[in-house]
Amino acid sequence: MKFITIIAIAIISLTSCKRMLEEKPYGVFSNANYYNTEQDALNALLYAYDPINNIEYAARFMFNLADITTNQYKSYNRGLATPLYNWDVNPNTDEFLYFFKYAYLGVSRANSILENVPGMKNISPTSRKQFIAEAHFLRAFHYFMLVRTYGEVPLHEKVVESISQAKATYASIEQLYAFIIKDLELAIPAMGIAKMQGRADRVAAQFLLSKVFLTMASSKMTGAKGYEWVSDAEQMYAKAAEYAGAVVNNQTSYSLDPNLLNVYDVNHQADGVEHIFITSMYRDGKAYEGNFSQLPQLYGIGLPVIYIASSITGGTGVQKTIEATSSWSYYRVDNDFYDTYANNDLRKQLMVTTIYNENGTVLATYAPSNINSGNPTLNAFFYPFCRKYTDPLSLGTRTSANVYLMRFAEAALIYAESVGPTSEGYAWVNKVRARSGLDPLTAGLSPQAFREQIWKERTWELAFEGHGIYDLRRTNQVLQKITNKQVKAEYADFFPVPQRETDLNPK
Amino acid sequence: MLTIKKITMKKCNQNNWPTGLFCRKKMAVTFFALGCFSLTAPAFNNGGNYTNSHYKYDKIHAREVQGIVLDNNGQPLEGVSVTVKGTSVGTATDANGKFTLSVNADDQILVISFSGMKTQEISVGRQSSFQITLEADSKGMEEVIVVGYGAVKKSDLTGSVASVKGEKITQSSAGSFESLLQGRVSGLQVINSGNDNPQGATTVRVRGVSSINGSNAPLVVIDGIPLGEAGNLNAINPNIIASVEVLKDASATAIYGSRGANGVIMVTTKRGANNRTNVWLNQKTSLGLFSKPLDYWQDALTMSILEDESLENAGVEPRYIGRRDPSGTYYPSREEIKNGDWPYRTDWTKYVFRQPSVTQDYNVGVEGGNKNSRYYISLGYLDGQGMQVGDDYDKIALDLSYDNRVSDKLLIKTVAGLWKANRNFNYGMNYSRNPLFPVYNGDGSYYKMNQQDYGNVVAMTNERVSNASNMDGYATLEVNWDVMKGLQLVLRGSARAGSSNNFTFNPPVYTFPGDLFNGEGGMGSSNYLNITSDAFLTYTKKLNLHNLSVMGGITYENNVGRGLHAVGQGFANVILREENLSGAEKQLIFNSRSETTLASGFTRLNYAFNDRYLLTFTARADGSSKFGDDNKWGFFPSGAASWKMSEEDFIKDLNFFDQLKVRASYGISGNQGISPYQSISQFGQDFYYMNGKEYIIYGVGKEIGREGAQREYVQFGGMANKNLRWEKTAQFDIGVDMEILDRRLSITADFYHKKTSDLLRRQFLNPSTGFDRVWTNDGKVENKGFELSLDGRIINKGNFQFNAGLIFNMNRNKVIDIGSQESSGYIIDANGLRYEPYGEGILNDAYLNVLAIGHPINSFYGYKVDGIIQNRTGSNAKNNQPGEFNYVGLKGDGGIDPNARTIIGDPNPDFTASLNLQLTHTSGFDLAVLLYGMYGNDIFATRKLDRASLQINRWTGENPTNDRPSLRADRQYLASSWFIEDGSFLRVQHVTLGYRLPVKTFKFLDHGRVYLNVSNPVTWSKTSEFDPEVGENGRGSAAYPRITAITAGIEIKF
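Note that the protein sequences, when read in sequence, are chains A and B.
The first sequence runs 1 to 507 under the working numbering.
The second sequence runs 1 to 1054 under the working numbering.
It is possible that part of the hints are untrue.
Claimed, not checked - Among the chain B residues that face chain A by a calculated CB cut under 8 Å, a handful are:
(1) R323
(2) Q763
(3) P898
What the hints assert, rightly or not - Calculated lysine to aspartate or glutamate pairs in the DMTMM-like style (CA-CA distance at most 20 Å, straight line):
(4) K485/A x E312/B
(5) K507/A x E174/A
(6) K485/A x D893/B
(7) K286/A x E585/B
(8) K286/A x E712/B
(9) K693/B x D40/A
(10) K74/A x D334/A
(11) K485/A x E317/B
(12) K878/B x E490/A
(13) K167/A x D778/B
(14) K320/A x E358/A
(15) K507/A x D897/B
(16) K488/A x D897/B
(17) K864/B x D982/B
(18) K722/B x D629/B
(19) K1022/B x D910/B
(20) K507/A x D829/B
(21) K371/B x D482/B
(22) K320/A x D284/A
(23) K225/A x E174/A
(24) K586/B x D284/A
(25) K485/A x D970/B
(26) K74/A x E317/B
(27) K182/A x E242/A
(28) K693/B x E289/A
(29) K891/B x E490/A
No lab work stands behind these hints, which were simulated from the structure alone.
Yeah, the Cβ is synthetic: ideal placement off N, Cα and C, and Gly gets one too.
Put together the whole structure using the sequences plus the hints.
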């Protein structure tokens, strides 16, 4: 029949028009249309750095996991900033899940660079080499964060491209360290030295590798759980010394900033000599937190505008911690921790005990008893607050206060710890002490006593910078040193892999 | 005067008008149809004892008889067919119900028939004047039902189709028509979970949930053109709906192939009538009130005591001690509250809610036509108010239709319309804000409890801008060409296009983003174009007892959308708000484009033998751009058979069934309800500041949504799934339609069994992949159900008429399979339960709803709670103390064994039912009541925790209850059985009292009615939720009780 023929023709003509049904990704970048230009590669590389800047990663949760859980902070039973203040945590706790997730976002994005950039055509050989090396560095950085926080975690060496690749085996801690070391050994020779805020160079990679070996060495030496497989602590200390030595002795771009306050000056993050790797949040950054920072609000006490001394050496003049906005009293320094600093230690002044009026007259002074004061200003000032994160030039609540991921002072302390009580070891730890106005360390200490001194020095030097629990774990001191809160013993060595991961990818 | 012969010929030529033009009263077309049916299918008219031999032709004694035909209410009926039995002589009644006819002999019989009425036969005898009252035919078997690409007589249906008339649903106002269908149609579940949203917000399901994350919403087809998915289709003005048909089984839905799996809702709009002109006007005003008193803290002292108790139990400082807390908020001491030194007691509900909200709905129209053309013009205006101040929606809609019969063989039909709407958003305001805070400071500025307080509802209402507007238009042109006898070609093209804009401004000080950026404004603009074109041929042939109809065609749909969104941040001067984005220090632009294409071919074959045995075969092939390269095409066949048993002598001999038909069907339909580009990888975007420059960066993984208690965490997606393909639903349906007791009771019952395979779903991924979710298809879900619909004319004596309708739906849903563990990564828990998390986290737990093999979709998974701990168990850990939940699996160290989790509830109802009662009196009064209920579903009631009035019964040393835990601010709540409540409810959905204006008194009127409708006046339920009608995931959501709407309306036509 005529009409059947018509229908048949119509249907046949339809099935032949395959092109009509082709899906084109209008307005979306995809594997198919990306990684064409050198700029594409750079943008993708920065996308792999990007997770670090977020609240879920270094800009808040790292502090919550590493520092809040230790004696650096206490809640004073005032409000409920996070359950980590009293270790009231479980595998569903937000920090455990999202810190994990963001570290793996970084892994996945670094993997994407490693898979795509080597085959690119429109890219200079120098950039190709540099970008690939940075991706190796980043992957090592993220896995080092993961292994120290969670212990055994799934190892993804490639971008996950299908559901069947989603489940990855939990690598042993030994395998993870081997993987991290391999990545860094690939990165170091391929990288140049060029200080850039928000990016890593060869010095940062050497720094990270020295810290990796340091962690293995001290963990083995102190019998920290999970590191039984490390063959020889001293051998690892020697490797740590090799790479930390390269940082402190074999380059000229970075050094100890003679002025301690300069290290924490928001205006000298990009050009300061101290910072080897620092985040790059910027007060005028677009979109939301992560592109800019709100760290000063987290560290300040709950008052609208706070004026603090412009100098920590006793000069006059005051400055705001942040422009025209209130703080949240989130990170509350434990006054007992404050008291562990020697009175002549300039680093003690990095915790504020006096606040001022705009004209420089004293407004209030910290005292533990302020917590019971009826005066609202005094009542807010019941702990000495940390001034490492301030931005007097903030745009309202948006600030440029960044996270100090790798500082030269830490490299000096890593080196000193690695080489032990040698003249070089003493020289570097004493340089750090001298900057804070302290006398040299007692001479002639045993290697054990010397290293214990270094660990103390680290708590004073690196307090509130996201190192707390990692240093206690690698020195097997968690239960001994955390005394102001009830440690949940099962999580002392490693925090639990989040429930969502273990549910979907069982160990 | 027309002769039947001529009319009949005309009718038969237009036998195949595809959309439901036959099914309306007072339309001459109906008359044509009936005329034709009465000749071509004699059995149809229920001729009773009549036989042809009865007829005797007498050409000598021709004389005129006249009469008037009235309905039950004494209203004249127009367009009623009056024929002389066995002859071609006939006429139709005029606008006053009158007719005049020539008869030749006294023993002739007049057949008076009208759509929806029982046909009557009257002997002429010696009478020359007749007054005939037609009774409504309860089930109207002559009704013509719209199906995809055609229409069939209801009695010839082989599939499962339910139908509701437009006038049933327009006695109350709504922004979209879907919410009005609740309880009206068997097999259609409508959840009105946002009933105070003036724009409408509903979830619509046909025969349960079959897909996991692919859409479950039925396809809505308006006048033959697919419009979109049911849920919130503001494009349709409910007042112009003539009828709604719901296609349910595979035989009925397979003609829509890849989009038929969730059922199809066919909307037919009103058309004008030939040879007459009418002007009509409908007006409705609704008042919205809370159906129950609000439950929030009014007693500030008790509130402060309980809050402090909660903080103290957490081991932290109490709040009401007359000091600033760490955030800088000053809370008065309990003493100050008690003795009145703190003077503020703000009743925030007064600032948040309208009592009542007022919604107005006006519709005016003109309809009419001449011999060859018909037109219908309607203008509607809805001014809707939500319960919250400033939460508004208004819409103006113009709809036009014009049909013109160009020649005997050519009919042109057009529909076009334009609608424009404005929405002002002011929703989700905190009416339970602490009553101790004032609205204003002494200087008249808005009070903020601290610098970070962005919750002053008056400030938000007055200072914030958040609105949207849209303008949409559509036009359809259809050509029906009768190529030759029995062969008709329909060509149809339709275009829909629209643009929408939204405007936001967040001022500094009072909003969070405004404070962050010193003012943030945005303007978004988007537009779309949808082109649909189809062509189909229908061939009908009757050969003796064989009746054959074959239809085949092709269709092509293309959807293009583009969007542009501009944001300005940082305003030196905020006076101009979002109108001055170029004045912002920083400007951001986002844009988008997407395109999808669907191409299809379809066919349907209907065969009837002896008008008793009916067979239907339907098939459609669909190609969609959304799927992976190898999976673009899908084929969806179905078949159905039905047997009109009441035509058989052995049934007739029983003398019990007035009508009896059994049906069976089986077929496959599909679902492609996912967003485009899921089969290719999608990169994300962010900004990165480096060395003085801000880079726009891209890479693997993109934001696809948010999660967390405050939606503060980003979800990442963008992983490609190249294997994405159709989700398929195979459905078996067996049904029966019957009328008994002299047609006073009609029953339709259906049993169905649906199996959905290749489930499209957004699977969770373990976070180490760098992705949170990905689209996949794998697994099987089954739905089995039973639907019953009863219609009874219980009293039909004297002045009273009492009709009752019962709709009963039962659906059993079960997950059969969720793919291999390798591919889907499902979890096997300690009890051997195989499940996959699904849906968002809840409270402090990662998830609640799961897909568990052997259990219904959305089952709740979590811990069991066995009362409250009364004596300390185990360590000092907080979880082990008296007053805590006594979790099954609670360990001595305060930990809870995750292996103790199990299925703790099922949010799917055992059944839903509605009862529709209608009482009509000849004086013109009518009363209708609709009851709607749901039974046997569980609710995860988070309100049980936070509802103010329930707090007082918390566990304390003095009140060692087993019902509620102590108050403790830092308790982390896990998904547990403590929150599970029985969600059954019974609601009086509508009560309508109407009065039909007597046309005899108001001579100028054709029709007039005034009515008063109350919707949702009472609900009986046991849940702690403010409203028992929650979403299908069973999570309580309503912020306050359901709204009772009182509507007064008038309809007039002249």
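Going through the hints against the structure:
At about 6 Å, the closest approach between the beta carbon of R323/B and any beta carbon in chain A falls short of 8 Å, and the interface hint on this residue holds. The beta carbon of Q763/B comes within 7 Å of a beta carbon in chain A, closer than 8 Å, and the hint placing it at the interface holds. Taking 8 Å as the C-beta contact cut-off toward chain A, the hint placing P898/B at the interface holds, the least distance being around 7 Å. At roughly 18 Å between alpha-carbon atoms, K485/A and E312/B fall within 20 Å of each other, so this suggested pair holds.
For the given pair, K507/A sits about 16 Å from E174/A by alpha-carbon distance, which is consistent with the 20 Å threshold. Using a Cα cut-off of 20 Å, the hinted pair K485/A and D893/B holds, with the two alpha carbons roughly 16 Å apart. For the hint pairing K286/A with E585/B, the CA-to-CA distance comes to about 11 Å; that is within 20 Å, so the pair holds. Between K286/A and E712/B the alpha-carbon distance is near 18 Å, which keeps this suggested pair within the 20 Å criterion.
For the hint linking K693/B to D40/A, the alpha-carbon distance of about 16 Å falls within 20 Å, and the restraint holds. With a C-alpha separation of about 5 Å, the suggested pair K74/A and D334/A falls inside the 20 Å cut-off, and the hint holds. Taking the CA atoms of K485/A and E317/B, the gap is about 17 Å. The hint holds against a cut of 20 Å. With a C-alpha separation of about 16 Å, the suggested pairing of K878/B with E490/A holds against the 20 Å cut-off.
Between K167/A and D778/B the alpha-carbon distance is near 17 Å, which keeps this suggested pair within the 20 Å criterion. Of the supplied pair hints, the one linking K320/A and E358/A holds, its CA atoms being roughly 9 Å apart against a limit of 20 Å. Taken as a hint, the K507/A and D897/B pair is honoured in the structure, with Cα atoms around 16 Å apart against an allowance of 20 Å. Of the supplied pair hints, the one linking K488/A and D897/B holds, its CA atoms being roughly 15 Å apart against a limit of 20 Å.
Distance hint between K864/B and D982/B is fulfilled; the C-alpha atoms sit about 16 Å from each other, no more than 20 Å. For a cut-off of 20 Å, the pair hint linking K722/B to D629/B stands: about 8 Å separates their Cα positions. For the suggested pair K1022/B and D910/B, the alpha carbons sit about 16 Å apart, so the restraint of at most 20 Å is met. For the given pair, K507/A sits about 13 Å from D829/B by alpha-carbon distance, which is consistent with the 20 Å threshold.
Distance restraint check for K371/B and D482/B: the Cα-Cα separation of roughly 19 Å lies within the 20 Å cut-off, and the hinted pair is therefore satisfied. Restraint check: the Cα-Cα separation between K320/A and D284/A comes to about 18 Å, which is no more than 20 Å; the hinted pair holds. Between K225/A and E174/A, the direct Cα distance comes to roughly 12 Å. Compliance with the 20 Å bound is thereby established for this hinted pair. Straight-line distance between C-alpha atoms of K586/B and D284/A comes to about 9 Å, which keeps the hinted pair within the 20 Å bound.
Taken as a hint, the K485/A and D970/B pair is honoured in the structure, with Cα atoms around 16 Å apart against an allowance of 20 Å. A distance of roughly 14 Å separates the Cα atoms of K74/A and E317/B; the hinted pair therefore holds under the 20 Å criterion. For the hint linking K182/A to E242/A, the alpha-carbon distance of about 16 Å falls within 20 Å, and the restraint holds. This hinted pair checks out: K693/B and E289/A have alpha carbons roughly 17 Å apart, not beyond 20 Å.
Distance restraint check for K891/B and E490/A: the Cα-Cα separation of roughly 13 Å lies within the 20 Å cut-off, and the hinted pair is therefore satisfied.
The structure meets every hint from the earlier list without exception.
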